[in-house]
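Number of protein chains: 2
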Amino acid sequence: MGKLKFQISVSLDGFVAGPNPSEEDPLGEGGEQLHEWVLALAAWRKPHGREGGEVNASTPIFEKATANLGATIMGRGMFGGGPGPWGEDPWQGWWGDEPPFHHPVFVLTHHEREPLELEGGTSFTFVTGGIESALEQAKAAAGDKDVAIGGGAEAIQQYLAASLVDEMLLNVVPILLGSGTRLFEGLDPDLGFEQVEAIEAPGVAHLMYRRA
Amino acid sequence: MGKLKFQISVSLDGFVAGPNPSEEDPLGEGGEQLHEWVLALAAWRKPHGREGGEVNASTPIFEKATANLGATIMGRGMFGGGPGPWGEDPWQGWWGDEPPFHHPVFVLTHHEREPLELEGGTSFTFVTGGIESALEQAKAAAGDKDVAIGGGAEAIQQYLAASLVDEMLLNVVPILLGSGTRLFEGLDPDLGFEQVEAIEAPGVAHLMYRRA
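Here the protein sequences line up with chains W and H, keeping their order. Sequential numbering of the first sequence, starting at 48, is according to this note's numbering. Sequential numbering of the second sequence, starting at 48, is according to this note's numbering.
Just so you know, the hints here were simulated from the structure itself, not pulled from any lab data. Every residue gets a Cβ at the ideal spot worked out from N, C-alpha and C, and that includes glycine. You may find that some hints are simply not true.
Sample of chain H residues at the chain W side, in silico, Cβ under 8 Å [as the list claims (entries may be wrong)]:
#, residue
1, 48
2, 49
3, 231
4, 233
5, 238
6, 246
Stretches of chain W that chain H covers, calculated by requiring three or more beta carbons in the stretch to come under 8 Å of a beta carbon on chain H [to be verified]:
#, segment
7, 52 to 64
8, 196 to 203
9, 216 to 229
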């Protein structure tokens, strides 16, 4: 049985997005700094069709987090803001013709829509039945592999609050955002996690936890 | 010239104390779990007059954080709640006859009081002129050595907000507190820090930052 896991970049003051997010700037003011460490990695650039990049202490962490994934769950905003409800000529999200997932993706939404099959093994299935329904479908699709929560923060928070997350990787970036979206907001202290590892890498600290 | 630094234990959700702190329970509900890692260390137990304890990956971090200190600044609450204003027979705080500092301590308060000289080289000087006055006096007392902000959160937050902190060590403990006192609250994103190191230890991740 696979695990449900997520990874997310978080500022020193606990924000996963800065203030005033918009469709052009979904990470809010200053939020793009959260992802500089990963955009610099060759291991990220290659599957996203970009050349070059670094190999450093983040590389094995990133590779481990993205290995053995059989399905991804994401919120509607991460699939792509765009016009909604879907309309007659629904767009295909942010991800282009060949999204980097290469496995089934389940999108949490309030609006029904037919599944979308794209190139390279990625499909988008639109789930209106809530987070547990999406997880059930994702686990069935993933088989023995793991299921990732791709984001955004709201989707992750819902799975955390329901105590369904098995493993999480926090990439702590030494910036302050001052305000914005916090990852951990009003969670039950009884949600037990234990530390698995803490790894130093250039400009980021990788903290891995699993459900206790 | 010494540095101004602090270390503090913080929950995964960013709290340095749990909800409903009181005089009997200054760390709030669940907050005592934040300090289990340090209370277990022989390096902490010895200067606090306790026997036994562990030597582990936290030991050199703790020793480095407490080495080369020439003065400490703390808030009035950390000196000791107790009756205030001081009254005719003012008490000597939480720290007993021989406090573990062994150097001058400057207490931020609104109530004037004569300095207190205790055993083992610790003195308490009560500063009513604000955080910059306390820092100036502490630096003068410390000479070439560093000045620590001992706590509590409010004192640390004031020095952070004034951009006076040179170095900080966050000890991230894998618990959730759900609510309470956050270390980082409404800070200016331009306050630049850079990561110095990230160290894994039993039940805690030590993240060290310095002013960029």
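8 Å C-beta criterion, at least three residues: is the segment 196 to 203 of chain W covered by chain H: Contact hint for the segment 196 to 203 of chain W vs chain H: violated, 0 residues under 8 Å.
Hint validity - residue 246 of chain H Cβ closer than 8 Å to any chain W Cβ: 7 Å, holds
Hint status (Cβ of residue 231 of chain H to nearest Cβ of chain W, threshold 8 Å): This interface hint holds because 4 Å falls under the 8 Å limit.
Coverage of the segment 52 to 64 of chain W by chain H, judged on three or more residues with CB within 8 Å: holds (count 3)
Interface hint status, residue 49 of chain H versus chain W (Cβ within 8 Å): Result: violated, 23 Å to nearest chain W Cβ.
Interface hint outcome for residue 238 of chain H [beta carbon to chain W under 8 Å]: 6 Å, holds
Chain H over the segment 216 to 229 of chain W, status - at least 3 residues with CB closer than 8 Å: Holds, because 9 residues of the segment 216 to 229 of chain W bring their Cβ atoms closer than 8 Å to Cβ atoms of chain H.
Hint validity - residue 233 of chain H Cβ closer than 8 Å to any chain W Cβ: Constraint on residue 233 of chain H satisfied, holds at 6 Å.
Agreement of hint residue 48 of chain H with chain W interface, Cβ distance less than 8 Å: Hint violated; residue 48 of chain H Cβ to chain W Cβ min 23 Å, cut 8 Å.
Taken one by one, the earlier hints fail for this structure at numbers 1, 2, 8, listed in ascending order.
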